[in-house]
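S.K.: Residue numbers (the working numbering), protein chains in the order written: chain Y, 1 to 351; chain X, 352 to 674; chain Z, 675 to 988.
FYI, nobody ran anything at the bench for these hints, they're computed from the structure. Possibly wrong hints are sitting among the right ones.
What the hints assert, rightly or not - Heads up, simulated PhoX-like pairs for lysine-lysine below, C-alpha to C-alpha not over 20 Å straight-line:
| id | chain 1 | residue 1 | chain 2 | residue 2 |
| --- | --- | --- | --- | --- |
| 1 | Z | K942 | Y | K345 |
| 2 | Z | K746 | Z | K686 |
| 3 | Z | K795 | X | K581 |
| 4 | Y | K94 | Y | K128 |
| 5 | Z | K694 | Y | K345 |
| 6 | Y | K268 | Z | K940 |
| 7 | Z | K795 | X | K501 |
| 8 | Y | K268 | Z | K875 |
| 9 | Y | K133 | Y | K94 |
| 10 | Y | K268 | Z | K905 |
| 11 | Z | K942 | Y | K202 |
| 12 | Z | K940 | Y | K207 |
| 13 | Z | K686 | Y | K202 |
On a predicted model such as this, the values are computed, not experimentally measured, just so you know.
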Amino acid sequence: MINNEIVLSVEDLVIKFNLRGQELTAIRGASLTLYKGESLAIVGESGSGKSVFTKSFMGLLDANGRIDSGSIIYKGNDLAKYKTEDEWIKIRGKEIAMVFQDPMTSLNPLKTVGKQVQESIELHQNLKGEEAKKLAVEILNDVGISDPDRRYNQYPHEFSGGMRQRVVIAIAVACNPNILICDEPTTALDVTIQAQILQLLKNLQRKYQLTIIYITHDLGVVANVADRIAVMYAGDIIELGLSEEVFFDPKHPYTWALLSSLPQLGIKGEALYSIKGTPPNLFKEIKGDAFAPRNPHALKIDFEERPPYFEVSPTHKVRTWLLDPRAPKVEPPLLVQKMREMEVKRGDGIE
Amino acid sequence: MTSKKIISKMSDNIDPSLFEFADCDESKSELIGYSNYSFWRSTIQVFIKNKAAVALLILIACVVLFTLIQPYLPNQKSPTQIYINPETNMQYRNVQPNEEFWFGSNSIGQDLWARIWSGTRTSLLIGVAVGLFEAVVGITVGALWGYVRKLDAIITEIYNVWDNIPSTVVLIILTYIMKPSIPTIIFAMCMTGWLQMARFVRNLIIIIRDREYNLASRCLGTPTSRIITKNLLPYLVSVIMLRMALAIPLAIGSEVFLSYIGMGLPVDIPSLGNLINEGRALMMDPNQRYQLFFPAAVISVVTISFYVIGNVFADSADPRNHV
Amino acid sequence: MALNKEILLEVKNLRVEFGKSNKKFRAVNDVSFDIYKGETFGLVGESGSGKTTIGRAIIRINPAASGEIIYKGQRISGKIDKVLDTELTRKIQMIFQDPMASLNERAKVDYIVSEGLYNLKNYGSEEERTKKVEQALLDVGLLPEFASRFPHEFSGGQRQRIGIARVLVMEPELIIADEPISALDVSIRAQVINLLAELQKQKDLTYLFIAHDLSVVRFISDRIAVIYKGKIVELAETEKLFAHPLHPYTRSLLSAIPTPNPRVEKSKVIEIYQPDKEHFDYASNPPEWVEIEPRHFVLANDRELESYKKKIQS
Numbered sequence: 001m002i003n004n005e006i007v008l009s010v011e012d013l014v015i016k017f018n019l020r021g022q023e024l025t026a027i028r029g030a031s032l033t034l035y036k037g038e039s040l041a042i043v044g045e046s047g048s049g050k051s052v053f054t055k056s057f058m059g060l061l062d063a064n065g066r067i068d069s070g071s072i073i074y075k076g077n078d079l080a081k082y083k084t085e086d087e088w089i090k091i092r093g094k095e096i097a098m099v100f101q102d103p104m105t106s107l108n109p110l111k112t113v114g115k116q117v118q119e120s121i122e123l124h125q126n127l128k129g130e131e132a133k134k135l136a137v138e139i140l141n142d143v144g145i146s147d148p149d150r151r152y153n154q155y156p157h158e159f160s161g162g163m164r165q166r167v168v169i170a171i172a173v174a175c176n177p178n179i180l181i182c183d184e185p186t187t188a189l190d191v192t193i194q195a196q197i198l199q200l201l202k203n204l205q206r207k208y209q210l211t212i213i214y215i216t217h218d219l220g221v222v223a224n225v226a227d228r229i230a231v232m233y234a235g236d237i238i239e240l241g242l243s244e245e246v247f248f249d250p251k252h253p254y255t256w257a258l259l260s261s262l263p264q265l266g267i268k269g270e271a272l273y274s275i276k277g278t279p280p281n282l283f284k285e286i287k288g289d290a291f292a293p294r295n296p297h298a299l300k301i302d303f304e305e306r307p308p309y310f311e312v313s314p315t316h317k318v319r320t321w322l323l324d325p326r327a328p329k330v331e332p333p334l335l336v337q338k339m340r341e342m343e344v345k346r347g348d349g350i351e
Numbered sequence: 352m353t354s355k356k357i358i359s360k361m362s363d364n365i366d367p368s369l370f371e372f373a374d375c376d377e378s379k380s381e382l383i384g385y386s387n388y389s390f391w392r393s394t395i396q397v398f399i400k401n402k403a404a405v406a407l408l409i410l411i412a413c414v415v416l417f418t419l420i421q422p423y424l425p426n427q428k429s430p431t432q433i434y435i436n437p438e439t440n441m442q443y444r445n446v447q448p449n450e451e452f453w454f455g456s457n458s459i460g461q462d463l464w465a466r467i468w469s470g471t472r473t474s475l476l477i478g479v480a481v482g483l484f485e486a487v488v489g490i491t492v493g494a495l496w497g498y499v500r501k502l503d504a505i506i507t508e509i510y511n512v513w514d515n516i517p518s519t520v521v522l523i524i525l526t527y528i529m530k531p532s533i534p535t536i537i538f539a540m541c542m543t544g545w546l547q548m549a550r551f552v553r554n555l556i557i558i559i560r561d562r563e564y565n566l567a568s569r570c571l572g573t574p575t576s577r578i579i580t581k582n583l584l585p586y587l588v589s590v591i592m593l594r595m596a597l598a599i600p601l602a603i604g605s606e607v608f609l610s611y612i613g614m615g616l617p618v619d620i621p622s623l624g625n626l627i628n629e630g631r632a633l634m635m636d637p638n639q640r641y642q643l644f645f646p647a648a649v650i651s652v653v654t655i656s657f658y659v660i661g662n663v664f665a666d667s668a669d670p671r672n673h674v
Numbered sequence: 675m676a677l678n679k680e681i682l683l684e685v686k687n688l689r690v691e692f693g694k695s696n697k698k699f700r701a702v703n704d705v706s707f708d709i710y711k712g713e714t715f716g717l718v719g720e721s722g723s724g725k726t727t728i729g730r731a732i733i734r735i736n737p738a739a740s741g742e743i744i745y746k747g748q749r750i751s752g753k754i755d756k757v758l759d760t761e762l763t764r765k766i767q768m769i770f771q772d773p774m775a776s777l778n779e780r781a782k783v784d785y786i787v788s789e790g791l792y793n794l795k796n797y798g799s800e801e802e803r804t805k806k807v808e809q810a811l812l813d814v815g816l817l818p819e820f821a822s823r824f825p826h827e828f829s830g831g832q833r834q835r836i837g838i839a840r841v842l843v844m845e846p847e848l849i850i851a852d853e854p855i856s857a858l859d860v861s862i863r864a865q866v867i868n869l870l871a872e873l874q875k876q877k878d879l880t881y882l883f884i885a886h887d888l889s890v891v892r893f894i895s896d897r898i899a900v901i902y903k904g905k906i907v908e909l910a911e912t913e914k915l916f917a918h919p920l921h922p923y924t925r926s927l928l929s930a931i932p933t934p935n936p937r938v939e940k941s942k943v944i945e946i947y948q949p950d951k952e953h954f955d956y957a958s959n960p961p962e963w964v965e966i967e968p969r970h971f972v973l974a975n976d977r978e979l980e981s982y983k984k985k986i987q988s
C-alpha cells in the first residue's frame, strides 16, 4: 500500500561519464519520488540509464562518472553531494541495499553462504557472534532455503542459480535496509524460478517493511510486482504512473511501442510491431525529444524542444508533446487498445 | 481526459505549426556513426601516447642502427685486432678511455669500442633468431596443442618430460657436445625457449576455443588451420608480441650466463657475454672498471628498452585500450 | 502456415552424453521427434534441459552417443563421408544466442558473412561473392556498406542480424535457431522475430526454434516440444498445447509465463512441478511416449494416461 510518506526524492539528476576523452550524458535530468513501502519498477532497455540512475543513489558509479547536477534527498541529506567513502558507508547496506543480476558473480566463492549473511548482519545490525548466526539462519529460512542450519555451512557453488539468488537477497535483507534496489533480479533465472523469486521478494517486503525499486526490461515482471512504473528512455523518465495506468492507459509513444512489441499480443502470421532504428547516441547533445527519430507519431516540435511533463492524473505524468492541448489527437496503436479491451472483457472494468 | 501542464516555464508563444506531424525517415534510423577503425592504427595511436616507450624505442632503434653502420664509419678499429704501440712495441693493454681508444682497450690490446658494437651486433642477432624461432615453433605447437583435442594428451606428456629438464642443463650439454659457436648457441637456446611460448599460447587458446564465434565457424565448415589463424591468433597478438620482445633480453642473459661458466662464444667472436665476463675479472681495480661498465651499460639499455617496449606494445594491442 | 507433410528431419532415440566413462552426464536421454518441411518447430525447456545439446547434435558439433538423426532419408549422425558432410554444412545451419560472442571481433563483416562461402567455394568469381554478401545483408535489413566495418560498431540487434546473414548466404534448408533473441533487448526482439518469419516465407525455410520464453515460442511456432532434464515430456501443435496442457511440467511452465497484465499477474497462482510426487510410480510403472490424441504426444504411464484422457474429454 502506498503510504504518502516520501522516503527518497530525486530532482533533475544529471549524470555524466568521461569515456575516452569524450563526455557522455547518461542521465539527462531525471526526477523521481519514492514512497514508503511501495514497489516501483523502472523499465527501460539497455542504454536507457536505469542501472546508472539507481547506482548513483548508493555512490556506486564508476570512477569516470559523476553527478553533474541535481539532488537526491534521503532523510534530509542530499546524497548527490556525497564525495567520500565514509559518507557512503553510512548509506550502503544499512539504508539502501542492492541485489544484482547475476547470482554467480555476486557471491564470494571462498566463503560459506552462512558466513556471508552473518557478515552482513554484523556490519549493519550491531549483533555479533552467536546472536548474529541465529539471525542469519532465520533469514536463510525466510528466503526459502530449506534446512538452513545445514546449508549455512555450504559454499555458493553447491547451490543452484535460483538458490544463489535467494542467498543474495538474504544478504541484502540482512542489512536491514530501508530501500532495496533489485537490478534485473530474475533475468538470469528460469521462468519457473523467476516466479518464485518475485513471490519471495513480495513476502519479504511485507515482513521487513521494505521499499523496493525493481530495475528490469521485462514487462511481465513489472506487471507482477509493481505498484508504480517509471519508463526510462535515453536517460530520462518519460512516463511515470500507477501500474494499471501505464499498462492500460499509456500515453507516451515509446511506452506504446514497448507494449505493442510484446509477443503475447502478436497475431500469428502477421508481423510483430517493432520499433525501427536504434537508441540515440548519448555522446551528442540531444535536441528535443530523444525518441523523436524513431517515433512514427513525431511532431515537428519533438525535434526542437524537449517536452515538459503533462499530468494525466495526479499519479500519472508523461513527457510528450502529444498531450499538449495544441497537439493533434493521436490514438494509441491498435495493439495497446486491444490490451485494454481484453482486460475490460475479462470482467473487472477500468474507469 | 484533459491534461495539465506541470511545468509552465515553456513560453506559450511556440509556433503552432510545430505541432504538425514530422516526416519520418526510417532509413536514417539505421545509420550508425562511422568510425574508421583499423586495429593497427589504433594500436600505434595508443602506443605513441606513452612517451617513455617511444623514447626507448627511438633509443634502441638508434643503437641497432649504429651497430650496423659503425664498421663503415671512418677511423674505426677492428674488434679483433691487437693494437701495438709503435713506440714501445708493446700491446696497448688496459688503456683507459682516450682519444685513440674511445672506450679504452682490454687486457690484450683490443679496441673496446669496436668490440662492444661488434658484440652487440652478435648478441642481438642471437636474440632475434631465438625470438623468431620461439615464436614460430611455439605458436604452432601451442595452437595445435590447445585446439586439437586429440593432440592434447600426447603433447602434454612431451611437455611435462621436456619441461622437467632444467634449461640450463640442456644448454650446457648441447654447447658442450657441439662446441661453442654462434649457430650452436642459437640452436641450444631455441631448444629450450619454445616450450614456454607453446604453453602460454595453449592456455590462451583453451580459454577462447569454445566461444560461440568459434562454434559458428565450425558449423560453417571452416578448417582448423583457418580457425586458428583468423579466429584465435588475432586475439593473442598482444601477448605474443610481449613474449617475443622479452625473448631478446632473455637470450642475451642466457648467453652471458654461458660465458660465465666458460661455455660461451670463443673470445675471437666478441659478444656482450664474453665482454662482460672479461670485464668482471677486472672489476676490483677501479682503473679497469670501464671494461665492465660499458658492456653492462649496453646490456642494461637493451634489456630495459625491450622490456618496456614489449609491455607497452602488448597493452596497446589490447582492443580494450583502443579509442 | 501450410504444413507440407514431407518430413525433413527425424530424430530417433537420440542420446548425448558428456564426460568420461564413469562420470558420464546424460544431457539428452532418448529423444525422438520429426520436423516437417516448412514448419517452425519450437523446442522449449529451461537451463540444463538439454535443448541446446539437441540442436548441437543435429548440426554435428556434439556427437550422438546412441540413436539416429536422419535428414531427408539419410543418416547424418555418427561418421559420414566427406561429400555428405559438405552438403550438410550448406543445408543445415545455426544461429547463436549471444550476438556479442558469436561474431569474430577481429574480422570485418565482409569476412564474417562470407566465411561459409570461402569454405564451400560456393561462388564463381570475386564479384559473385561480393554480390552474395550484399544480397544477404540487404535481406536482413542492413546496408551493404556495413560489409567493411567491424562487429563492435554495431548494436546487439544488428549483430544478430549479421549472424543471420552469414547463415542465409549458405542458402540452407533447415536453420537451428538456438535462443536467438534471449540476449536482445525487448524492442529489438520483435525486429528479429519479424525478420525470421519474413525470411521463412521468402525462402521456404524450416526452423528448429530453441527457447525458454514460451510467449515467443507460441507466437512463432507451429508445433512445440517441451523438454525436461533430457527427455521430451509433451509435443503438440501450439494452440493445442496451450489449450490442453497435460503433463504437469508443461502446466507449471505455462503457469509461470509472465503476462503483461498487472491484474492477472498479481492474482496468479504458480503451479510448481514436483516430479517425485507426480511420478511416484515411475520405477514400477515406467512411462512411454504416447500419442494421446492426433498429433499430441505425451510422456506418461498408464495411470497418468487415464487421468489425461479424462481431462481431454471434459
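S.K.: Could you run down the list of hints and mark each one as holding or not?
M.R.: Going down the list of hints, with the structure as the test:
1. A distance of roughly 18 Å separates the Cα atoms of Z/K942 and Y/K345; the hinted pair therefore holds under the 20 Å criterion.
2. For the proposed pair Z/K746 and Z/K686, the alpha carbon gap of about 14 Å is at most 20 Å, so the pair holds.
3. For a cut-off of 20 Å, the pair hint linking Z/K795 to X/K581 stands: about 18 Å separates their Cα positions.
4. Under the criterion of a C-alpha separation no larger than 20 Å, the hint pairing Y/K94 with Y/K128 is consistent with the structure, at around 16 Å.
5. Under the criterion of a C-alpha separation no larger than 20 Å, the hint pairing Z/K694 with Y/K345 is inconsistent with the structure, at around 58 Å.
6. Distance hint between Y/K268 and Z/K940 is unfulfilled; the C-alpha atoms sit about 27 Å from each other, more than 20 Å.
7. The hinted pair formed by Z/K795 and X/K501 fails the criterion: a straight-line CA distance of about 28 Å is larger than 20 Å.
8. For the given pair, Y/K268 sits about 13 Å from Z/K875 by alpha-carbon distance, which is consistent with the 20 Å threshold.
9. In summary, the hint linking Y/K133 to Y/K94 is supported, as the alpha carbons are separated by about 18 Å, within the 20 Å threshold.
10. A hinted pair counts as satisfied when its Cα atoms are at most 20 Å apart, and Y/K268 with Z/K905 does not qualify at roughly 28 Å.
11. A distance of roughly 13 Å separates the Cα atoms of Z/K942 and Y/K202; the hinted pair therefore holds under the 20 Å criterion.
12. A distance of roughly 18 Å separates the Cα atoms of Z/K940 and Y/K207; the hinted pair therefore holds under the 20 Å criterion.
13. Straight-line distance between C-alpha atoms of Z/K686 and Y/K202 comes to about 45 Å, which puts the hinted pair past the 20 Å bound.
This entry does not satisfy hints 5, 6, 7, 10, 13, going by the numbered hints stated previously.
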